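Chains as they are written, first to last, in my numbering: chain A, 4 to 303; chain B, 4 to 303.
In case anyone wonders, no lab produced these hints; they're calculated from the structure. These numbers were taken from a predicted model, which means no experiment stands behind them. Hints may contain errors.
A pair counts as met if it fits within one copy or between any two copies, since identical chains are not told apart.
[What the hints assert, rightly or not] Straight line, CA to CA, 25 Å or less: simulated DMTMM-like cross-link-like pairs of lysine to aspartate or glutamate:
#1 Lys218 <-> Asp301
#2 Lys74 <-> Glu144
#3 Lys35 <-> Glu128
#4 Lys55 <-> Asp152
#5 Lys182 <-> Asp252
#6 Lys142 <-> Glu77
#7 Lys99 <-> Glu292
#8 Lys218 <-> Asp252
#9 Lys35 <-> Asp140
One-letter residues, chain by chain:
Protein chains: 2
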Amino acid sequence: MSAKHLITKSDYRNFLSKFDTFLFDCDGVLWKGTELLPNVQQTLNFIRLKGKSIAFVTNNSLKPREEYQKKFMELGLDVKLDEIFNSSYSAALYLKNVIKFPKEKKIYIIGGEGLEKELNRQGIEYIGGTDPSERRDIKTEDFENLKLDPSVGAVLCGLDLHINYLKYSRALRYLENEKVLFLITNSDSTYPASGGLFPGTGSCSAPLLNSSGRKAIFLGKPNPEMLQAIESKFKFNKSRTCFIGDRIDTDILFAKNSGIKSCLVLTGISKEDVILKNTSNIMPDYYMEMLGNLLNADDI
Amino acid sequence: MSAKHLITKSDYRNFLSKFDTFLFDCDGVLWKGTELLPNVQQTLNFIRLKGKSIAFVTNNSLKPREEYQKKFMELGLDVKLDEIFNSSYSAALYLKNVIKFPKEKKIYIIGGEGLEKELNRQGIEYIGGTDPSERRDIKTEDFENLKLDPSVGAVLCGLDLHINYLKYSRALRYLENEKVLFLITNSDSTYPASGGLFPGTGSCSAPLLNSSGRKAIFLGKPNPEMLQAIESKFKFNKSRTCFIGDRIDTDILFAKNSGIKSCLVLTGISKEDVILKNTSNIMPDYYMEMLGNLLNADDI
């Protein structure tokens with residue numbers, strides 16, 4: 004099926020009338036780096052005024068949602084904390100609501116403050132993470148006896164800028180027990196920062212997948228578990244929900260995997276030729292030049 | 004083709020007569036952990052007395068060869084440093100002799116003293132490795148500007164017990180230049196230590212493969228590049244060389260990949276049922292219960 008190109012006022016109106024909920028990717032859709040894309044603020048206001056629900060879905064697991072919200076605010080976008088779903092939050096929701104992680108069990112975290120805050124909010128206990136005693140070199144005695152907490156029921160790996168051999172070793176030891184669950188916040192191979200690309204969560208967690216020989220549950224886009232997690236908190240009718248993103252291989256695939264409709268904007272990674280030349284077997288249902296074009300559906 | 008089971012005196016004699024050079028895996032063939040297997044010392048002496056050359060081939064890249072030699076000595080095995088080929092040494096030989104790495108270029112190392120010593124011996128310059136300035140957390144300014152040395156012509160990754168996000172990030176930045184070679188000492192997913200399995204070189208290097216999207220040259224078993232490296236230093240006639248190992252998936256595969264004959268011993272990982280049930284498509288040319296059985300070929 005080919006993607007419908009939204010061009011005319013009636014295209015935009017039709018598109019809007021089909022959905023009650025819009026989920027947005029952020030970078031490449033709302034902004035590029037530190038710059039807001041044209042008319043984004045007005046478009047979000049317009050969609051809200053039409054009575055639609057909106058939420059923002061990002062794989063970034065490093066920052067707590069409050070800091071992410073600050074970024075919205077600084078760009079002039081007024082969003083509520085409850086409208087932001089990053090992959091730390093979806094991991095915590097998934098553990099709490101979807102698999103109902105037992106109260107008496109703990110999580111061994113590889114990751115930062117963002118993950119800890121979200122687990123705390125859901126009342127899930129954890130060890131590891133930013134614990135300073137884990138930020139050290141492995142010692143000879145660790146090779147003989149890696150002290151383990153028998154109440155650990157899952158290993159959860161996010162992006163950890165303090166990753167080390169001790170943490171990998173301890174996580175591997177927990178994962179040797181098949182009953183211990185294995186979750187990774189997202190599979191992104193790289194993490195874009197101001198100076199270029201850095202290793203992403205999917206790369207930093209690769210030693211655990213490789214050494215344990217186990218499969219993990221990935222909680223970020225394009226994995227449908229992320230939508231399950233969002234759904235457990237943010238109620239919507241899937242048949243009237245559209246995901247708007249800029250990447251075929253994460254955003255549009257995420258929508259397909261999750262059974263919701265999708266719309267590609269051309270302000271980010273994926274370009275129009277992918278659609279025109281039909282070079283991907285993943286196609287959005289709709290595409291438009293930029294999010295701000297939705298304002299064309301306005302009467303005024 | 005099925006594997007020939009060596010059982011009788013004449014089997015052992017025939018086997019020995021076919022080869023001038025024997026390459027040995029160590030753990031599972033010569034010893035198990037810290038215990039020498041039966042008659043190993045006498046068997047090695049016997050093979051030497053028959054005028055054969057011998058060498059020891061291990062994927063361990065962590066310890067310098069001198070320390071590995073100490074282990075042989077402590078177990079009563081008298082071996083020369085030149086008979087030991089670990090994957091650090093093979094990496095250095097590969098760079099120097101096989102690909103003739105340019106003198107004016109440097110290597111960026113992720114790994115330990117073992118790698119550094121071998122590169123030093125071959126007169127190859129390097130940065131990174133055990134440099135204390137690399138053993139720190141990544142800082143905000145690193146995200147903006149990871150200082151790079153323009154003379155780096157290869158990234159070489161071995162097992163590094165001091166691995167961190169800064170090293171991964173810097174290696175990724177070097178690897179973004181397609182002209183920079185990418186070598187990994189071996190692909191072992193785990194590293195066996197006294198207390199169990201720890202992440203191996205193949206696991207610790209996974210973030211670089213994943214984030215760079217590049218392929219690497221692996222220098223350890225089962226990759227034939229290791230034999231190329233050994234051959235560049237230790238001359239032998241491949242058609243009269245046999246590899247004796249205990250693992251189908253590394254040792255025997257290594258021999259197949261390298262075009263030499265192989266013999267499986269049953270004192271380690273792979274058991275006889277793999278051969279009897281023919282469950283692997285990799286088969287050794289010969290197999291015997293233990294290395295010490297070769298003494299049966301003796302006249303006395």
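Each hint tested on the structure:
With identical chains, the CA atoms of lysine 218 and aspartate 301 are never at most 25 Å apart, being 47 Å at best within one copy and 51 Å at best between copies. In this homomeric assembly, lysine 74 and glutamate 144 come within 25 Å of each other (Cα to Cα) only across copies, at 20 Å, whereas the closest approach inside a single copy is 44 Å. When the C-alpha separation of lysine 35 and glutamate 128 is checked against a cutoff of 25 Å, the pair qualifies neither within a copy, at 36 Å, nor between copies, at 41 Å. Taking the shortest Cα distances, lysine 55 and aspartate 152 never come within 25 Å of each other, neither inside one copy (46 Å) nor across copies (53 Å).
Taking identical chains as interchangeable, the C-alpha atoms of lysine 182 and aspartate 252 are never at most 25 Å apart, the minima being 32 Å within one chain and 27 Å between chains. Within a single copy, lysine 142 and glutamate 77 get their C-alpha atoms only as close as 45 Å, which misses the 25 Å cut-off; across copies the closest is 23 Å, which meets it. Taking CA atoms no more than 25 Å apart as the test, lysine 99 paired with glutamate 292 passes in neither setting, with 38 Å inside one copy and 53 Å between copies. Taking CA atoms no more than 25 Å apart as the test, lysine 218 paired with aspartate 252 passes in both settings, with 20 Å inside one copy and 21 Å between copies.
Taking CA atoms no more than 25 Å apart as the test, lysine 35 paired with aspartate 140 passes in neither setting, with 38 Å inside one copy and 28 Å between copies.
In this structure, the hints that do not hold are numbers 1, 3, 4, 5, 7, 9, in rising order.
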